[in-house]
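S.K.: Sequence:
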Amino acid sequence: MAHISSTDHASILSTRDRETLLAHARRSIASGLEGERLAVRPDEFSAMLAAPAASFVTLRIGAELRGCIGTLEAERALIVDVVSNAYSSAFRDPRFAPVTRGEFDELDIHISVLSAPEPMSFGSEVELLAQLRPGIDGLVLEEGAYRGTFLPAVWEQLAEPHDFLRQLKRKAGLPVDYWSATLRVSRYTASSIP
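For the sequence shown, the residue numbers in my numbering are 319 to 512.
You may find that some hints are simply not true.
[Unchecked claim] In silico EDC-like links for lysine to aspartate or glutamate, alpha-carbon gap of 20 Å or less:
id	residue 1	residue 2
1	K489	E478
2	K489	E474
3	K489	E421
4	K489	E461
5	K489	E443
6	K489	E460
7	K489	D411
What the hints contain is simulated information worked out from the structure, not anything from laboratory work.
Whole structure, please, built from the sequences with the hints as guidance.
M.R.: This is how it looks when you write it as structure tokens:
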């Protein structure tokens, strides 16, 4: 299967492809409530949905987060990635109890299709902070066995680069004031559906 450039994969998805992704994310959760996993065959979908892409599926009820699971690397067809991440967001996010039937109709499903992560070069935290693009960049922070990511949507809650980076360090399991010459950071963008 050809790999489609994921610079802005979702922006070139047709309205129908976007609707298909949202519908299959919801079907995946509905199947999970019945104790089953929704199976999809990429060859039954458009070329865009069958192409490898990385995604996150975020679930909310009202303003409250209810689950968020995703992948950072494009290793499987976008439709497969979304179906799998929707199931995991609903039933395998360790921060939450599994979604219940009573919650199903209230779920707001949001899909983020990610570009390929690009390593950033910097010599200090000040240099790193100066390169960040609030509202645009998602970040992956890695230090040894520690790893964490924030989607670009997190800028809505953490608008200042300093706060964004500190909370990402915390999410990765590091102290908020941690710094090391071996710290690795990559950035990516995400297109949102809906």
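S.K.: Going through the numbered hints above, which ones does this structure break? Give me the numbers in ascending order.
M.R.: The structure conflicts with hint 3 only, although it agrees with all the remaining ones.
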